[in-house]
Amino acid sequence: MALLSKKDANLILDPLADNNPITIQVLGICSALAITAELKASVVMALSVLFVLGVGNVVISLLRNVIPSKIRIIVQLIVVATLVIVVDQVLKAFAYELSKTLAVFVGLIITNCIIMGRFEAFALGNGPWKSFLDGIGNALGYGVILIIVGFFRELLGSGTLFGIPVLGDPIRKTGLYATGYENNGFMIIPPAALIVVGIIIWVQRSRNKALIEEA
Amino acid sequence: MAMNTEKNSYTVIFAAVMVVIVGSLLAFLASGLRPRIDENERFEKQQNILYAMGVNQNEDEGSVNFIPTDIVEEEFAKYIKKQYVVLGTETQEREEAYLIDMKKQLNIIKNGDEAELPLFIGEKDGKEYYIIPMYGKGLWDAIWGFISLDKDMLVQGVVFDHKGETPGLGANIKLRYFMDDFTGESVLDGSRISGISVVKGNNDPLNNNKEDNEVDALAGATITGNGVTAMIKETLKLYKPYLETIRSN
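So the sequences go chain by chain: W and C.
Counting from 72, one number per residue, gives the positions in the first sequence under the working numbering.
Counting from 0, one number per residue, gives the positions in the second sequence under the working numbering.
Misleading hints may appear alongside valid ones.
As the list claims (entries may be wrong) - The calculated lysine to aspartate or glutamate pairs, modelled on DMTMM-like cross-linking and capped at a C-alpha distance of 25 Å, are: (1) W/K163 x C/E43; (2) C/K239 x C/D211; (3) W/K171 x C/D100.
Keep in mind the hints are simulated off the structure, nothing from the lab.
Can you make the complete structure from the sequences, with help from the hints?
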């Protein structure tokens, strides 16, 4: 990549695979379980975190030399909460429909451990540009997993994608349902997300043995 | 570094400055955007009321399509003939009764005082619709909506919304396939005004039986469904004295 040096590019690419916030760092699990019952919610959540983490990392990075270390966690929390509220209010005024979709996630974004984790682990010790890339990379890594999980849970649990039926009508027994196929109700409850995330972790580690921790 | 960021005095000053900056930023933003947000909320209420009486842009199947916000005010004025507040069996005409907050009124009732319950009379193709706002509790947070009845106490349409029900589960109460099931159901149990129950396993997923006061529940959303049942029952109980006067006419 000509735009980014190799080191910078790795800041974005690493969290997508070998240093994924969900499957490797095991952060942000709570929201991954809570909102992945449908694909649309996964995408909205991924985009929200992308924005908050990208901007938040830059803000924290710019402030890193003036933040008193004793209250740094509180300062980080204020930055996240402010960003989320600003986004929420602006959407409410200018994109009301979208804001209603997002309302459910506001609390989940503020408490997402990936955000606090990246502020603490990266933005406090690096410059704004690097922090921005790190934020984007981690948010994308988080989003990718969310979308994969959302895809399988919505497809197997409800037979739809983005709310559009793709397997036929389960009540009138058309399409795939005519053959006796049934939606798996288990997929739409949160424990199913844990299992899907577990399978992703398994697949990823069996492809790259270096990721397996010593027992 | 010029400053000693470890000193207590610095920490206190930093915190104070941060609070002032963030506080004023948010206050400024909130008051600046307030009029637009209020307007959006007003349009939403109008859209919902019209939706409940069947004034919407729904196609035969698919998603919920409200009247667009740019014409909702004209349509609202056209279809909603009267706005009342209901006090027992009496009604009082009230302009902009639709802006009354149902949650506040329910709190007033809980405190034992007399509340002003809004009710709207819509007219479409010569038929009258009695539209009632509802407010209740789902699994995580508030749920609300509107129900429209004709004078035989048959449901003409409902609309639900929620604050924080689980996406893909309880949040589906605002989808067509759930809301459409209520249309045509009677809220009468025998001759008594009762409500409609959201039930599991009524062996009627297509809701062909309109006589049973029951609609099919959503998978994985038992508590939200029970919340909807309770919300309809509680609301109708409050409006019962007035609804009885319509029936006897």
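Okay, the hints, checked on the actual structure:
Among the hinted pairs, W/K163 with C/E43 is consistent with the structure: their alpha-carbon atoms are about 12 Å apart, no more than 25 Å. Distance hint between C/K239 and C/D211 is fulfilled; the C-alpha atoms sit about 20 Å from each other, no more than 25 Å. Pair hint W/K171 plus C/D100 holds up; C-alpha atoms about 19 Å apart against a cutoff of 25 Å.
The earlier numbered hints are all upheld by this structure, with none contradicted.
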